[in-house]
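Using the sequences and the hints, build the whole thing.
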Amino acid sequence: MKNIKMKVARVEKDLTQDDLAKRIGVSRQTIGLIEAGKYNPSLKLCLLLCKVLDRTLDELFWEEESDE
Amino acid sequence: MWYQKYRDERVEAAKSQIFRELYYLMMGFAGISVIVKSILYPDNWKASFFELLLIIISSVYYILRSVQKGLYTDEIEVHDQQNRRSMSRKNMLIGLGAGIALSLFFGFRSAILFGGEGTTIRYFFLSFIASLMFNIPFLVGALVLVDQLARKASLRNSKKQDDE
Numbered sequence: 002m003k004n005i006k007m008k009v010a011r012v013e014k015d016l017t018q019d020d021l022a023k024r025i026g027v028s029r030q031t032i033g034l035i036e037a038g039k040y041n042p043s044l045k046l047c048l049l050l051c052k053v054l055d056r057t058l059d060e061l062f063w064e065e066e067s068d069e
Numbered sequence: 376m377w378y379q380k381y382r383d384e385r386v387e388a389a390k391s392q393i394f395r396e397l398y399y400l401m402m403g404f405a406g407i408s409v410i411v412k413s414i415l416y417p418d419n420w421k422a423s424f425f426e427l428l429l430i431i432i433s434s435v436y437y438i439l440r441s442v443q444k445g446l447y448t449d450e451i452e453v454h455d456q457q458n459r460r461s462m463s464r465k466n467m468l469i470g471l472g473a474g475i476a477l478s479l480f481f482g483f484r485s486a487i488l489f490g491g492e493g494t495t496i497r498y499f500f501l502s503f504i505a506s507l508m509f510n511i512p513f514l515v516g517a518l519v520l521v522d523q524l525a526r527k528a529s530l531r532n533s534k535k536q537d538d539e
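Those protein sequence lines, which keep their order, are chains A and B. So the mapping is simple: my numbering equals the position in the first sequence, first residue as 1, plus 1. So the mapping is simple: my numbering equals the position in the second sequence, first residue as 1, plus 375.
Honestly, I wouldn't trust all of these hints.
Okay, the calculated bits of chain A under chain B, using three or more residues with CB under 8 Å as the criterion [stated by the list, open to error]:
(1) 25-31
(2) 38-46
Selected chain B positions facing chain A (Cβ under 10 Å, derived; list incomplete) [claimed, not checked]:
(3) Tyr381
(4) Arg382
(5) Glu384
(6) Arg385
(7) Val386
(8) Asp449
These are calculated hints, taken from the structure and not from any lab test. Remember, predicted model here, so these are calculated numbers, not experimental data. C-beta atoms are modelled at their ideal positions from N, C-alpha and C, and glycine is treated no differently.
Structure representation (structure tokens):
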């Protein structure tokens, strides 16, 4: 399932996938795969994403049933 | 900055996957090389010395490291939760299967190398049964013994990590 919330949060911060990847220290492809729902990040990486994007874990990763 | 030392876990996981595949590939090639050399040079076991060394050292290293990290018991715990057949029983069956496979190999090898007219089948069975009598108790016993020792040590290390 695509992670639209993360994509929206990133765009609101005016960051490209590349910018976000550089801030965290991962590859751009990793960010792309997380947003595409093709890679499940560890809690450690989730927390890093939350800190950089100024969002909580719920706001970025909690899946509401209506999201499906 | 605080997050700059983070290593891309996806890349690390993909690299580990490649190393794992590489390990299987190397073990496969080493195994095939031992079989081919034992047929081409039946009297010279030293011809396969490095392949055997590679197989033995890498296996021992894997067991030691997984015991040290307590992964050995974790793996068994997860396996036994998810499978009807326990790991102990599976280990015994692997020992049995390996013993039969090794005996078959020695049987065919003797029949091909030393068998002549009318003696091929006799040589096969002689070698096969003799190997079977030695290999099965040895392999099953060794696997069970190593398994029990590794479990104890791994559990100890696992508990030590819990206490830290």
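Evaluated hints:
1. 25-31: Contact hint for the region 25-31 of chain A vs chain B: holds, 6 residues under 8 Å.
2. 38-46: With 5 residues close enough to chain B, the hint holds.
3. Tyr381: 4 Å, holds
4. Arg382: Result: holds, 7 Å to nearest chain A Cβ.
5. Glu384: Since the shortest Cβ distance to chain A is 6 Å, the answer is holds.
6. Arg385: Since the shortest Cβ distance to chain A is 5 Å, the answer is holds.
7. Val386: 6 Å, holds
8. Asp449: 17 Å, violated
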